[in-house]
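*Asks:* Sequence:
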Amino acid sequence: GVWPSPPPPPRHSLDRASEIRQFLSPVEKQCHLKNEKAALQQLLPAYLGYTISLVTGNPLPLLVGAASLMGKDPMQEENANVHGFRGMGRRVADV
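Under my numbering, the residue at position 91 of the sequence shown is numbered 92, and the numbers go up by one with no gaps.
None of these hints come from the bench; they were simulated from the model. Hints may be right or wrong, so weigh each one.
[As the list claims (entries may be wrong)] Now the in silico label distances, taken between C-beta atoms and shown as ranges:
hint, residue 1, residue 2, range
1, Ala39, Pro7, 19 to 29 angstroms
2, Glu20, Leu45, 37 to 47 angstroms
3, Val65, Lys38, 15 to 25 angstroms
Ideal Cβ placement from N, Cα and C applies to all residues, glycine included.
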């Protein structure tokens with residue numbers, strides 16, 4: 002028998018998911034770098050307090066450094082926004 006010919010390719014073959022991923026990748030990369038910088042700034046007082054406590058034998062610097070870890074994550078809102086963009090992009094791509 003004769004096999005039917007394959008259907009013609011779509012006129013505009015758009016892969017929205019890959020386009021959105023490509024569009025958001027620089028934003029996500031920048032957000033990742035900001036997260037690392039914020040984490041370092043948040044951990045530095047804790048490490049400094051731990052070191053001073055070891056050297057002096059005084060637990061107070063350790064407690065002060067640990068208190069810096071109890072603060073709100075400065076990048077939480079920005080991370081939520083980036084994840085929201087990604088989720089919105091997935092919904093739009095499912096059209």
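*Asks:* Work down the list of hints and note, for each, if the structure agrees.
*Replies:* Now for the hints, and whether the structure bears them out:
Evaluation of the 19 to 29 angstroms hint for Ala39 and Pro7 yields a failure: the beta carbon distance comes to about 52 angstroms. Between Glu20 and Leu45, the C-beta spacing of about 39 angstroms keeps the proposed range 37 to 47 angstroms intact. Roughly 22 angstroms separates the CB atoms of Val65 and Lys38, a value that falls within the hinted 15 to 25 angstroms.
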